[in-house]
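Asks: Note that the protein sequences, when read in sequence, are chains A and B.
Going by our numbering, the first residue of the first sequence is number 1, and it counts up by one from there.
Going by our numbering, the first residue of the second sequence is number 1, and it counts up by one from there.
Among the hints, a few may not be true.
To be verified - Derived pair list, reagent style SDA-like, types lysine to any residue, alpha-carbon separation capped at 20 Å:
1. A:K209 with B:A23
2. B:K209 with A:H105
3. A:K40 with A:H76
4. B:K40 with B:G18
5. A:K40 with B:K209
6. B:K40 with A:R21
7. A:K40 with B:G18
8. A:K192 with B:L113
None of these hints come from the bench; they were simulated from the model.
2 protein chains.
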Amino acid sequence: MANPTAAMLVIGDEILSGRTRDANMHYLAGELTTHGIDLKEVRVVSDDAAAIVSAVQTLSAGYDHVFTSGGIGPTHDDITADCMAQAFGCSIDVRADARALLEAHYKNSGLELNEARLRMARIPDGAALIDNPVSTAPGFTIENVHVMAGVPSVFRAMVASVLPTLTGGAPLLSQSLRIMRGEGDIAEILGKVAADFADLSIGCYPFQKDGAYGANVVVRGSEGARVDAAITRLADELEL
Amino acid sequence: MANPTAAMLVIGDEILSGRTRDANMHYLAGELTTHGIDLKEVRVVSDDAAAIVSAVQTLSAGYDHVFTSGGIGPTHDDITADCMAQAFGCSIDVRADARALLEAHYKNSGLELNEARLRMARIPDGAALIDNPVSTAPGFTIENVHVMAGVPSVFRAMVASVLPTLTGGAPLLSQSLRIMRGEGDIAEILGKVAADFADLSIGCYPFQKDGAYGANVVVRGSEGARVDAAITRLADELEL
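Throw the hints in and build the complete structure from the sequences for me.
Replies: Structure representation (structure tokens):
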């Protein structure tokens with residue numbers, strides 16, 4: 001059976017302006033691969049309601065799961081929760097369960113649970129909360145969309161809360177060969193082996209080291225024996 | 001006058017599987033900001049012809065410029081050039097100008113210009129070549145799409161070849177305030193100032209340091225005096 005598919009939506013002006021280098025995409029990609037969910041597409045959009053709503057509707061319809069990061073804090077530029085309600089035609093307001101979490105947290109911290117912080121308890125009707133062990137303010141799952149924070153430590157904690165609840169497939173296995181020859185010298189053999197192992201993904205990633213050309217050939221698939229067979233065949237044909 | 005808009009398309013299984021952490025998006029974002037071109041959207045897709053063709057058609061229609069990275073090497077998984085020809089209904093073959101570049105390069109290097117390496121001279125009809133001072137094999141511009149390599153050093157060299165040929169707008173300026181208070185404590189003031197300076201983008205990026213909460217407030221705009229005014233107003237209202 002094919003693995004479930006996923007897309008990611010990264011939300012934030014700071015990524016598109018070059019101020020911040022996104023770290024969540026790479027992290028999520030690795031976690032999904034381990035969990036047997038195939039990440040097929042990522043989109044990055046700015047803090048713009050129309051762009052967020054349109055992207056999440058398209059991705060939600062196209063994939064089994066969508067993971068979002070960014071825009072769920074207390075400030076005016078945090079509009080993700082409202083966009084999700086709009087995208088799925090739900091109402092949204094401060095919700096009692098999320099408010100209770102924040103009340104307990106701020107009571108302990110000595111900080112005031114003011115109107116701005118209460119924005120973080122705005123959760124669309126019908127959404128399920130995602131636990132945030134780092135800073136309490138929850139994420140949420142609405143339809144097939146998992147809405148998480150952009151701060152990397154919080155994003156990771158929320159991914160850890162969500163992933164065990166999702167049914168994964170076979171983890172994607174990979175093996176690689178490091179070959180100290182130019183890509184162009186091994187391309188013909190690679191192409192033949194890739195055609196014979198059409199159920200696997202075989203990628204070739206060139207590098208230069210000390211002035212010499214090399215390439216990492218990576219074989220990916222969910223069946224260990226097939227990956228082994230392709231690697232053995234490549235090593236034979238390339239006379240490694 | 002509004003700045004030109006742009007989108008980026010990152011192509012490669014290795015990004016979506018988590019094997020490789022993309023570096024080109026962050027680099028391009030910074031270069032475009034400096035050049036006065038507004039990066040509005042990024043998409044990452046796998047080495048899948050249908051996904052590449054569909055994404056580039058959508059982005060080409062929606063933005064003034066599209067920048068792609070990845071999939072223009074000599075191996076079987078390098079399908080970007082053919083996908084671009086398909087997306088724009090052009091024919092594609094080994095082109096004399098690109099072949100001449102490769103012939104000169106490989107003659108000097110002592111490596112064979114074999115069939116695989118000649119794939120890198122496959123350029124759609126009507127496309128303009130993009131200079132590659134790092135490893136010779138060229139990128140190309142077709143319609144409003146600039147097709148570049150995925151290897152970061154080559155991608156950067158190609159961006160440096162292309163950007164001076166594009167008309168930019170006003171560079172996006174930014175100033176920031178580092179505030180050692182929780183986001184929730186400054187959100188109300190931020191929201192008011194953001195409403196009064198609706199022509200600017202004001203973002204708030206929280207952090208934790210030594211157990212204390214802080215936030216970087218970033219004001220972005222193309223007019224220096226307006227950015228100054230917003231920063232002064234924020235500093236006053238926040239009593240910094």
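Asks: Please flag the earlier hints that this structure goes against, numbers listed from lowest up.
Replies: 3, 4 and 5
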